[in-house]
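Take the two lone chains, each set in its own frame, and fit them into one complex as the hints suggest.
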Amino acid sequence: AQTVTQSQPEMSVQEAETVTLSCTYDTSESDYYLFWYKQPPSRQMILVIRQEAYKQQNATENRFSVNFQKAAKSFSLKISDSQLGDAAMYFCAYRSPDYGGATNKLIFGTGTLLAVQP
Amino acid sequence: NAGVTQTPKFQVLKTGQSMTLQCAQDMNHEYMSWYRQDPGMGLRLIHYSVGAGITDQGEVPNGYNVSRSTTEDFPLRLLSAAPSQTSVYFCASNSPWRDEQYFGPGTRLTVT
Numbered sequence: 025a026q027t028v029t030q031s032q033p034e035m036s037v038q039e040a041e042t043v044t045l046s047c048t049y050d051t052s053e054s055d056y057y058l059f060w061y062k063q064p065p066s067r068q069m070i071l072v073i074r075q076e077a078y079k080q081q082n083a084t085e086n087r088f089s090v091n092f093q094k095a096a097k098s099f100s101l102k103i104s105d106s107q108l109g110d111a112a113m114y115f116c117a118y119r120s121p122d123y124g125g126a127t128n129k130l131i132f133g134t135g136t137l138l139a140v141q142p
Numbered sequence: 167n168a169g170v171t172q173t174p175k176f177q178v179l180k181t182g183q184s185m186t187l188q189c190a191q192d193m194n195h196e197y198m199s200w201y202r203q204d205p206g207m208g209l210r211l212i213h214y215s216v217g218a219g220i221t222d223q224g225e226v227p228n229g230y231n232v233s234r235s236t237t238e239d240f241p242l243r244l245l246s247a248a249p250s251q252t253s254v255y256f257c258a259s260n261s262p263w264r265d266e267q268y269f270g271p272g273t274r275l276t277v278t
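If you're matching them up, the sequences are chains A and B in order. Per our numbering, residue 25 is the first one in the first sequence, and the count goes up by one each step. Per our numbering, residue 167 is the first one in the second sequence, and the count goes up by one each step.
For reference, chain B alone in the conformation it holds in the complex (with noise of 0.2 Å):
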């Protein structure tokens, strides 16, 4: 059972590029949410889905997309690389019957 899986660890961007942060789970969870944790500023939440084909916005959601096809995948996008989304990533997924929310590795972004 792998739980959450994030993928790339690390990565580096050039302002102005675009990638998309993968996040898989196994656990058959319906919620899944993106936090990006900062120096000094904890963990904020960027964007969230409830389910399959629903997604909604946290507090952060300038600058990501997101979009939920599966249960399993949500992956995060940034169009357009800015050096304020250097931060660590992370993707973490729960049950609605459990409020517990389990967290991926993390993915570590540097934009240059």
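Same shape as in the complex, but just chain A (with noise of 0.2 Å):
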């Protein structure tokens, strides 16, 4: 079965600064996707970025970026000119491919808390 780890429940990081949120997992799978979800005090669940494992090229938003290392079951997540606006709980959650709509499980890591310090 996959697993997903975020070894860092909390995190802090002064305005305008760059932080990454660390994210392991681990699968037998050679296709799947990878996402950051953000999830302010208002409990709303907002997608941040994504990731097709069949990519070598890593996905970035704006000022989200994503270091993907397949090999290594790795997908951190940088959040560059941190804004106040980033302070958030963030998960990071694995997806197995969809063949023919057999499965629709998103599997999340327990989250990592960041505090944007002004």
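Please keep in mind that the hints were generated in silico from the structure rather than gathered at the bench. As the structure is a prediction and not an experimental result, all values here were calculated from the model. Check the hints yourself; a few may be wrong.
As the list claims (entries may be wrong) - Derived EDC-like pairs (lysine to aspartate or glutamate); straight-line CA-CA distance at most 20 Å: (1) K129/A - D222/B; (2) K129/A - D55/A; (3) K129/A - E196/B; (4) K129/A - D204/B; (5) K129/A - D239/B; (6) K129/A - E266/B; (7) K102/A - E76/A; (8) K129/A - E225/B.
Here it is in structure tokens:
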């Protein structure tokens, strides 16, 4: 079974600085999808960024980028120019490929609570 | 476009009571899922559906029932609530061709 591990329960960063959140996963599959979700105090789950395992290029969305190391099974999230609005819980998630509608399982890590200091 | 809606937002139950958490989506997504979120444990999948009439168990299905009679709705039923079911419940939907799951605002359930 696949597992997702986030080893940093809490992180802190100064406004305008850069922070990296770690995520490792375990799988025997060669094709899969990885995600980072943000959960602010409002509780709403917001997709930050996604990565397909077959793509070697790291995904980027504005100030958010990932470092995807397939062999090491590592998927870290880098937030550049941190803003106060980035303060939230961040979840790493894994999804197996969906061949013919057989599954829709998203496996989450335990989350990293990010605080942004002004 | 409302996206994924959940009702109620908050609920308090006594042990042994039953209730249904409602979830609806207006994006014509075939896939829908229910998760629970507990402190220190992230989100865990309870049940999911890949289409009307098709449901399957996730990681923590015990104590919960689901059915999917329409594409839009995916209710979660607690037949006999237990304190261990105190949690925040999220419903999500997605298209088979897109991996992004769209989440509802969540329901905070307390069982006393």
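The hints, checked one at a time:
For a cut-off of 20 Å, the pair hint linking K129/A to D222/B stands: about 10 Å separates their Cα positions. Under the criterion of a C-alpha separation no larger than 20 Å, the hint pairing K129/A with D55/A is consistent with the structure, at around 14 Å. Restraint check: the Cα-Cα separation between K129/A and E196/B comes to about 14 Å, which is no more than 20 Å; the hinted pair holds. This hinted pair checks out: K129/A and D204/B have alpha carbons roughly 18 Å apart, not beyond 20 Å.
Taking the CA atoms of K129/A and D239/B, the gap is about 19 Å. The hint holds against a cut of 20 Å. A hinted pair counts as satisfied when its Cα atoms are at most 20 Å apart, and K129/A with E266/B qualifies at roughly 12 Å. Distance restraint check for K102/A and E76/A: the Cα-Cα separation of roughly 17 Å lies within the 20 Å cut-off, and the hinted pair is therefore satisfied. Between K129/A and E225/B the CA atoms are separated by roughly 9 Å; this keeps the pair inside 20 Å, and the hint holds.
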